[in-house]
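Visitor: Just so you know, the sequences run in chain order F and W.
Going by my numbering, the first sequence opens with residue 1, and the numbers climb by one from there.
Going by my numbering, the second sequence opens with residue 1, and the numbers climb by one from there.
If you are wondering where the hints come from, they were derived from the structure by calculation, not from laboratory data.
Check each hint, because a few of them may be wrong.
No copy is singled out in the list; a pair is fine if it fits within one copy or between any two copies.
[To be verified] Derived BS3-like pairs: lysine-lysine, alpha-carbon spacing no greater than 25 Å straight-line:
1. Lys79 x Lys126
2. Lys73 x Lys150
3. Lys152 x Lys79
4. Lys100 x Lys126
5. Lys79 x Lys146
6. Lys75 x Lys146
7. Lys146 x Lys100
8. Lys75 x Lys145
The primary structure of each chain is shown beneath.
There are 2 protein chains.
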Amino acid sequence: MMNYARSTTLEAVEGLTIEELDFLVHDEANTIGMLLGHMAAVEKIYQIITFERRNPTEEEEEALGAGLELGEKGKAAFKGFPLEYYLGELQDVRENTFQKFHTLTDEWLFEQTNWWWNEQGNNYFKWFHVLEDELNHRGQIRMIKKIYSKEKSGLVK
Amino acid sequence: MMNYARSTTLEAVEGLTIEELDFLVHDEANTIGMLLGHMAAVEKIYQIITFERRNPTEEEEEALGAGLELGEKGKAAFKGFPLEYYLGELQDVRENTFQKFHTLTDEWLFEQTNWWWNEQGNNYFKWFHVLEDELNHRGQIRMIKKIYSKEKSGLVK
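Using the sequences and the accompanying hints, generate a full structural model.
Guide: In structure tokens form, the structure reads like this:
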């Protein structure tokens, strides 16, 4: 499921220029570059949560803040980079994830901790969340691309 | 995973007015109403494909065409309805899905047919696709709501 989600993300961003990656639908919107930076940051946080079985430290949250929170911080951090920058980052993080997965048992998937909504959450759900968040943003990337092309063609209502 | 995806969709559309459901970001965009109609139509098609183990007939494709293809057909079909209309439809379809799931074995999940990319696809993947498509559009719904609120506040760039 993670590979499938990623393949659709890669397909959605294939060939995007820096202008497209930095395009803002409105002044509070996320650019495609910001969403790609977000995907990598979310995955890093879940590596800490599920592989190291702990919450991120303040330093880690600070280091990943632009990607996690986006907003003005994210807009400043993810700007002016070519597509290869984001793809390299996504690939590096994913390789670390899969290397670690190979060392873990299926039982690990079902290890639970306190999680959302005062319920228990297992590692399977936590990694499902990583990919479902990516799918959510892939949908937005497709939409941002369409709005960009409409604006460029001067046909926006 | 299907229940989680649906709960996030319901949260995203909670309290939306007909004006919000029919709001068009641009002239070729999908409204939130169209996306909700699409979710129900996709689920119906996958009921046919996976429960009846066959492709939809021309009549079925015709009946579900507005929801599946969207575009002008979808824009005409999903317009002017209150939120309850879409939620009722989504719930009816989902109840049928879950009733059928209760009669099926785990082996059924792994039954394969020829599927995308010249590969085999099992029923687990096909239903994963139903929910990943919903997550994709949930991301878009969140974005459309934000653009709507920006336009209403007169602050769109």
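Visitor: Run every hint past the structure and note whether it holds.
Guide: Against the structure, the hints:
no.	hint	in the structure
1	Lys79 x Lys126	neither (29 Å within a copy, 37 Å between copies)
2	Lys73 x Lys150	between (27 Å within a copy, 20 Å between copies)
3	Lys152 x Lys79	within (20 Å within a copy, 28 Å between copies)
4	Lys100 x Lys126	within (15 Å within a copy, 28 Å between copies)
5	Lys79 x Lys146	both (20 Å within a copy, 22 Å between copies)
6	Lys75 x Lys146	both (20 Å within a copy, 17 Å between copies)
7	Lys146 x Lys100	neither (37 Å within a copy, 37 Å between copies)
8	Lys75 x Lys145	both (17 Å within a copy, 20 Å between copies)
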